[in-house]
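Residue numbering for the sequence shown follows our numbering, starting at 1 and increasing by one per position.
Any given hint could turn out to be false.
Pair by pair, the computed Cβ-Cβ distance ranges are [stated by the list, open to error]:
1) Leu15 x Leu115: 12 to 20 Å
2) Arg121 x Ala9: 42 to 50 Å
3) His73 x Ala107: 44 to 52 Å
4) Arg22 x Arg79: 18 to 26 Å
5) Leu75 x Ala9: 16 to 24 Å
For the record, the hints were derived by calculation from the structure and aren't laboratory data. All C-beta atoms, glycine included, are put in the ideal place defined by N, C-alpha and C.
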Amino acid sequence: MAAFNQTFAEDGLRLEAPCPERWYLRLPADPGIRTQGLSAAAGRNINALLPAGPNARRWHTLLTEVQMLFHGHPLNQAREQRRQPLLNGLWFWGGGFCPAAARAPAAGLYARDPLVRGLARLSGAAIGPLPERAEDWRAAAATETDSLTVLEATRHDAADGNPAHWIEHVATLERDWFAPCRRWLQTGKLTALYLYPGNGHRYIVTGAARWRFWRRARPLAHQPR
1 MAAFNQTFAE
11 DGLRLEAPCP
21 ERWYLRLPAD
31 PGIRTQGLSA
41 AAGRNINALL
51 PAGPNARRWH
61 TLLTEVQMLF
71 HGHPLNQARE
81 QRRQPLLNGL
91 WFWGGGFCPA
101 AARAPAAGLY
111 ARDPLVRGLA
121 RLSGAAIGPL
131 PERAEDWRAA
141 AATETDSLTV
151 LEATRHDAAD
161 GNPAHWIEHV
171 ATLERDWFAP
181 CRRWLQTGKL
191 TALYLYPGNG
201 HRYIVTGAAR
211 WRFWRRARPL
221 AHQPR
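Let's have the full structure, built from the sequences with the hints guiding it.
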């Protein structure tokens, strides 16, 4: 990290790592690119997933320069001798500007995700820990008019390349969250369920859906938003 910051200081780039799992790159201005998430790129051919946009060429060059910098770094040489995985590059993704102010999207917020918790702090809203199951969430949110819960279990890591893990994730969500919520919708204990799968769309489920038994089941991607 020190080598990166020293090498690219004149470009106004600074790499920071508040913890080993999260690294951030500070930029002096809007990078002018569109990026793909790490989970979408891991284990795949990245040629079609590289940064795109007006400044894409500069960022493609930067990726190559970082690879060259890391390749000859003493840390990598030491890791190679210990037969440890090499740190052979960086993957730039995400990014954005911190808003001057934020408004809480719901009366209750429950999440483990650092970004969600940071935005809650910016908005001045209280945020609780992520409940293990829907029953725990319902008990915690009993006095709230509405609440937002961010389920990190929905984030499938494509790097492991094992579809069975994704199926297990979905089964866990069904058992611990969706099945209980469906029962509450049917009995009127829950008014509506809003699903935000991270694809830019919102899906709404209400208790009235139980009367639409004549409709064929369709994949989530084909459902009306």
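Worksheet item: Does the structure break any of the earlier hints, and which numbers would those be?
Response: 2
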